[in-house]
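Enquirer: This is what each chain is made of:
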Amino acid sequence: MTYDLIIIGSGPAGYVAAIRAGQTGLKTLIIDKKYVGGMCLNWGCIPTKTYLESAKMMKKVRSAPEFGIAGIDLEALSFDWPQAVKRTDAVVAKLTRGIEFLWKKNGVEFIKAEARILSPTKVQADKRVFETKNILIATGSRPAPQNLFKDCLDLEDFSSLPELPQAPLIYGQGGNMVELAQFFSLIGSKPVILANRLPLMPYLDEALESFIQKKLKKDKIPVLLEAESEIKDGMIIHKGKEYPFDKVLNVSFRKAVLPAMDIELELENGFIKTDHSHKSSVQGIYAAGDVSGRAFLAHVSSAQAMEVIEAIQGIEPPAEERQYPINVYTDPELAQIGLTESQIKDKGVDYKVSQYPLTANGKALAEGTSEGYIRVLYETKYHEVLGVQIVSEHATDLISEAGILMELEGTTYDLARTIHAHPTISEIYMDAGKVE
Amino acid sequence: MRYIFKFPDIGEGLEEGKIIEWYVKKGQSIESGDALVKMETDKVVTDIPSPKSGILAVLYGGVGDTVKVGSALVEIDIPGVEGEAAVAQAQDKPEAPSQETVDEKDFAGVVGTMEIAGDGAYLPSGDEGRPVKSDAPKTRKALATPVARAMAKDYGIDINEVTGTGPAGRIMKKDIEGHSKSSASVNIHVPMPKASAEGRTRIEPLSQIRKTIAKNMLRSKQSTAHMSIMDEVEVSALVEGRARLNEALAEQGIRLSYLPFIIKAITLALKDHPILNAELDMENERIIYKNFYNIGIAMDTPEGLVVPIIKDADRKSLIELASDIKDLMSRSQERKLTLDDLRDGTFSITSYGSIGGYFGVPVIAYPQVAIFGIGRLTEKPIVKNHELAIGQILPISMSVDHRIVDGAEVSRFLNQVLAYLKEPLLLLAYEGGTQ
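Sequences listed follow chains A and B, in order.
Heads up: the first sequence at position 396 corresponds to 396 in the working numbering, and the numbers run straight through without jumps.
Heads up: the second sequence at position 42 corresponds to 42 in the working numbering, and the numbers run straight through without jumps.
Don't read these hints as lab results, they were simulated from the structure.
Note that the Cβ used here is the ideal one computed from N, Cα and C, for glycine as well.
Any given hint might turn out to be false.
[As the list claims (entries may be wrong)] No farther apart than 30 Å at their CA atoms in a straight line, the calculated lysine-lysine pairs in the DSSO-like style are these:
(1) 363(A) - 352(A)
(2) 255(A) - 60(A)
(3) 311(B) - 384(B)
(4) 18(B) - 381(A)
(5) 59(A) - 27(A)
(6) 381(A) - 336(B)
(7) 347(A) - 18(B)
(8) 221(B) - 279(A)
(9) 434(A) - 215(B)
(10) 336(B) - 215(B)
(11) 345(A) - 174(B)
(12) 422(B) - 434(A)
(13) 290(B) - 211(B)
(14) 347(A) - 181(B)
(15) 215(B) - 381(A)
(16) 173(B) - 347(A)
(17) 434(A) - 336(B)
(18) 104(A) - 49(A)
(19) 380(B) - 434(A)
(20) 215(B) - 352(A)
(21) 60(A) - 104(A)
[To be verified] Residues from chain B that face chain A, not an exhaustive set, calculated with beta carbons under 7 Å:
(22) 143
(23) 146
(24) 150
[Stated by the list, open to error] Some residues of chain B that are not near chain A, with every Cβ distance over 10 Å (derived):
(25) 151
(26) 154
(27) 172
(28) 225
(29) 253
(30) 258
(31) 322
(32) 329
(33) 378
(34) 393
(35) 428
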């Protein structure tokens, strides 16, 4: 028997591809060596957000008296890590069950085993060899190993910690690093950030980067640059100051996790090289998600996976780059879509920025979440919106409105003309759209 | 009560007009039928009369502003009309039929209604019960992104003619860009050159009339299969005959050009070749033959080309035709043509030779199917009775829509027209007959 498609890896690229393949009638087998849902569901997106939610809940409870809730002994508040993990496990279990159900419903077969690509048409797993017409590699990525610290954890180890560190050192870069640091800070630990480089999140607009650096400073989370620091006696020495730490969490730049292969695929900086329809250098083999090194975001991986299924069925994906939101689940959240200000400048487009603060938004004030703003970047000829950035407790959900607006090539006029319900945080779009 | 008068679709599926001049002021008392404003549409400059008597309460827009059809133009306070009567008057329904009549034979009608002077009266100019004009404006709004829409307007592109490549055929920015590249002749979007010291270029926005010409010319070339034929005719008899006629008519101050004779020859020949006075309705897969002969005459004006119509040219005498031409000519120069002067042509004539040029390849005034071009009358050596002689040669060029007009048919038509021009007395022989 020959499969139409064998997928290796069941993260947001692999599992989405499997469901879509099944729906469109492809005979599909998905293989994963560990857990259904991959990094995203088991250690990444979902678990970290549930932990963060617990931490943000703690912050809310601390501000309860301000909201008129009496009778809470703030001194007695403590973070129950095992309970937070238990809740997280329940959420993850529910989601993975959902995926397995959808695979089954769409006729997708699943094997939990380590896969090996023997040839472009043969994959070995669980001591069996499967024939296939196409292969999708969706094996994801892991933080690059580092030599600085003897002992360090990554996200995969995080949830199995029996108790949380008091002074964790978060080492690496990117949004994960800031999220984790804030998590520890919110539950009362003393995290330290040891950053590979600055800006912390180079893919974000400078405005957002600047906001989050100020926020970290305000929350007394030290941000130390690796190049300016040394490690001595279990401490970081930075500009003469000592920063003790008890555990190291590695969130360094990620490296592709490649499956075992008897064939040779062309790589680029260690990632599988793909063309715009996600074809690798070998006919019939595709790669999507982190392993192809294009974007390290679950939603982009899923979108790529959908394009792979279309490509297998002969539909070429659009040549132009697609818009996707970049979310950081900090406190408050950061979200961005489209071009950053410096990218617009580089393109030489005449543009303007309309910024509107949350302090002028009724709902935000009522909720006590008025820290933040929206920035709408638009070109001056037709007023087409080229980029949107939001800082808000709800930024990661709010950004979707900008997504559809930009997908439809909308303008500030459309924002201003669209009636937004009052009171809502989303009114900031309408307000920002009211430009001359 | 307050009556809101909206800029009416004065025909031809207009979308907007530009205010040239306000004749009235706020607070002024006006009578129904008084001209309110002079508007430049994409066809003409025309006065918009008030549909009501009353006092002008609000004037919308200043000189140079563009007003969309259906947008408020003025608000008129009508004294003494209150309550139910006011509501009734404000309804967009006619209260009494207009005294104007609708010319039933202009079957290639115009979509929409036309509001005319006369309290509450509307002149229907719709096409109920008539064949639907194939190029009637599409009623469905094209699916397009806001930026694509703005760009199309900017580039002077009819968005309905653009193929969308977005989801569900949505027209995206790149589709407009692609379209503007493929139809370079209407691509008025040039990158704005930075003002340079040399001033080597000058940027001038297109007038409504120029936009319309551009659109119509391109549409004609893209929608029809142009085929042209050229010939020469020896018209000594016509030259002589016309000179004698003009002599005889001089006392009455009448002077005929060659054009009335040519119109006469053409309308007579059209009756024998109805396909050249027809229209192709591809949508409904049929041909619409027209039993009326409205001849468009291409005229050069300072703003650009206009093609006003001589209505029922077949029923007019040479003198009447000459008078019509003179009238249209002077009104076209003064931009006083009305929409009525411009619509429902069935065949067109262009006499480029009056300025210069021998042969040409005229562009059909779509959806018409033929245009007759007249070159410069020239003295040339001819062979007559086996001897060289001096002839009066009139070069002619004709373009037809080869989709429905075959080459043989054009030749037969031309033979007839040229025979009439060669021997103008023949015009008399057939004039008034029941053929």
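Enquirer: Next, verify each hint and record whether it holds.
Expert: To see whether the hints hold, each was checked on the structure:
1. 363(A) - 352(A): This hinted pair holds, its Cα atoms lying about 27 Å apart.
2. 255(A) - 60(A): Answer violated: residue 255(A) to residue 60(A) is near 37 Å, above 30 Å.
3. 311(B) - 384(B): Violated - the C-alpha atoms of residue 384(B) and residue 311(B) are around 39 Å apart, more than 30 Å.
4. 18(B) - 381(A): holds (22 Å)
5. 59(A) - 27(A): Given that 30 Å is the threshold and the Cα spacing comes to 49 Å, the pair is violated.
6. 381(A) - 336(B): violated (36 Å)
7. 347(A) - 18(B): violated (36 Å)
8. 221(B) - 279(A): violated (44 Å)
9. 434(A) - 215(B): violated (35 Å)
10. 336(B) - 215(B): It holds: about 22 Å lies between the C-alpha atoms, which stays within 30 Å.
11. 345(A) - 174(B): Status holds; Cα separation ~21 Å.
12. 422(B) - 434(A): Not satisfied, since the Cα-Cα distance of roughly 71 Å exceeds 30 Å.
13. 290(B) - 211(B): Holds. Residue 290(B) to residue 211(B) sits at ~29 Å (cutoff 30 Å).
14. 347(A) - 181(B): Holds, at roughly 22 Å.
15. 215(B) - 381(A): holds (24 Å)
16. 173(B) - 347(A): holds (17 Å)
17. 434(A) - 336(B): The hint is violated at about 42 Å.
18. 104(A) - 49(A): At roughly 28 Å apart (the allowed maximum being 30 Å), residue 49(A) and residue 104(A) satisfy the hint.
19. 380(B) - 434(A): Given that 30 Å is the threshold and the Cα spacing comes to 72 Å, the pair is violated.
20. 215(B) - 352(A): violated (34 Å)
21. 60(A) - 104(A): Not satisfied, since the Cα-Cα distance of roughly 41 Å exceeds 30 Å.
22. 143: violated (10 Å)
23. 146: Cβ of residue 146(B) sits 5 Å from chain A, so the hint holds.
24. 150: holds (5 Å)
25. 151: Label violated. Min Cβ-Cβ 7 Å, cutoff 10 Å.
26. 154: Residue 154(B) is in fact no farther than 10 Å from some Cβ atom of chain A, at 8 Å.
27. 172: Check fails; 6 Å does not lie beyond 10 Å.
28. 225: Since the minimum Cβ distance to chain A is about 34 Å, residue 225(B) lies beyond 10 Å and the statement holds.
29. 253: holds (58 Å)
30. 258: holds (51 Å)
31. 322: holds (51 Å)
32. 329: holds (42 Å)
33. 378: Consistent with the label, residue 378(B) stays out of reach of chain A, its closest Cβ about 52 Å off (over 10 Å).
34. 393: holds (55 Å)
35. 428: holds (63 Å)
Going down the numbered hints, you'll see the structure goes against 2, 3, 5, 6, 7, 8, 9, 12, 17, 19, 20, 21, 22, 25, 26 and 27, while the others check out.
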